[in-house]
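Line order of the protein sequences matches chains A and B. Everything in the first sequence is counted per the numbering used here, starting at 1 for the first residue and increasing by one. Everything in the second sequence is counted per the numbering used here, starting at 1 for the first residue and increasing by one.
Be aware that one or more of the hints could be misleading.
The list treats identical chains as interchangeable, and a pair is accepted whether it falls inside one copy or across any two copies.
[What the hints assert, rightly or not] Derived BS3-like pairs (lysine-lysine); straight-line CA-CA distance at most 30 Å: (1) 2 <-> 95; (2) 77 <-> 16; (3) 2 <-> 16; (4) 74 <-> 2; (5) 113 <-> 74; (6) 2 <-> 77; (7) 95 <-> 74; (8) 16 <-> 74; (9) 16 <-> 95; (10) 113 <-> 16; (11) 2 <-> 113.
Hints are computed from structural coordinates only; laboratory data are not their basis.
Protein chains: 2
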Amino acid sequence: MKFESERFVLGDVAEKEDVGGGVVRQIMGHNDDLMLVRVRFAEGAIGYTHAHPHSQVAYVESGVFDFTVGEETKTLKTGDCAYVPPDVEHGAVCKESGVLLDIFSPVREDFLKD
Amino acid sequence: MKFESERFVLGDVAEKEDVGGGVVRQIMGHNDDLMLVRVRFAEGAIGYTHAHPHSQVAYVESGVFDFTVGEETKTLKTGDCAYVPPDVEHGAVCKESGVLLDIFSPVREDFLKD
C-alpha cells in the first residue's frame, strides 16, 4: 500500500480542514483502495457539481441535503445514501446543516498532503 | 460493472435483513468497487472476529462499540472510524445500541442475493 491511515481515526482528533463556504472536511480511515471523508456543511453550503473517475457513495449522517447525481436530484436525510458512478457529475446543496460521509474508491490522492 | 445499486438508496426503503443476535443489516449504495452497509446493533450484540481480503472502514453513526483490529481494541463512539487492512482479523462488541457503517472495497459479493 502507498497510502494507509492509522487503524483508528477518532472524530475528536482527526484534523478539521476548513475548505471555505461553510464546509469543513476530515480525512478518516483510508488506504489505496478506499477513503472515508467526513464533511460538515453549514446550512446553504454547496458541494459544487463536479465529476471524477473514482466510484463514490455519500451517506447522510445528519442534516438535509438536495443531492444531484447526473440528471436526478433527491432530498436526502439521515440514513439515506447516494451512489455516484465513475465520471458522473454530482453535487449537493445543504438545506439543514449536517454531516455527509463521502466514501471513494480508489483513494482521493488529491485530498492527501505530502 | 457487474454490480450496481440504484443511485439513491433511502434508509426507510432499503431492505432490512435480520442476521440474528441483535444485528440488522441494510445494503446501501454499491458497485463492483465499493459497498456501504448500514448495520444496527442491539446492546451486547457481537460482530464476531473474522477476516476477508476486502479493505474495510467502519464508522460509528451512533452508539458505542469496542472495536478490535488485529491485536488492538478501542472504544469508538459517534464520529469515530476504524480502518481494517485486507486479511486482518477484526470484530466489534456493541456496548450501547447504535449503528455501524461498514464500507468495503471491492464489493462484498457474498452479501448480494442472486
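Comparing the hints with the structure gives:
| no. | hint | verdict |
| --- | --- | --- |
| 1 | 2 <-> 95 | neither (37 Å within a copy, 34 Å between copies) |
| 2 | 77 <-> 16 | both (23 Å within a copy, 18 Å between copies) |
| 3 | 2 <-> 16 | within (23 Å within a copy, 36 Å between copies) |
| 4 | 74 <-> 2 | between (36 Å within a copy, 25 Å between copies) |
| 5 | 113 <-> 74 | between (33 Å within a copy, 27 Å between copies) |
| 6 | 2 <-> 77 | between (35 Å within a copy, 28 Å between copies) |
| 7 | 95 <-> 74 | within (12 Å within a copy, 35 Å between copies) |
| 8 | 16 <-> 74 | both (28 Å within a copy, 22 Å between copies) |
| 9 | 16 <-> 95 | both (22 Å within a copy, 28 Å between copies) |
| 10 | 113 <-> 16 | within (13 Å within a copy, 39 Å between copies) |
| 11 | 2 <-> 113 | within (13 Å within a copy, 34 Å between copies) |
Hint check: a violation occurs at hint 1 only; the rest are consistent with the structure.
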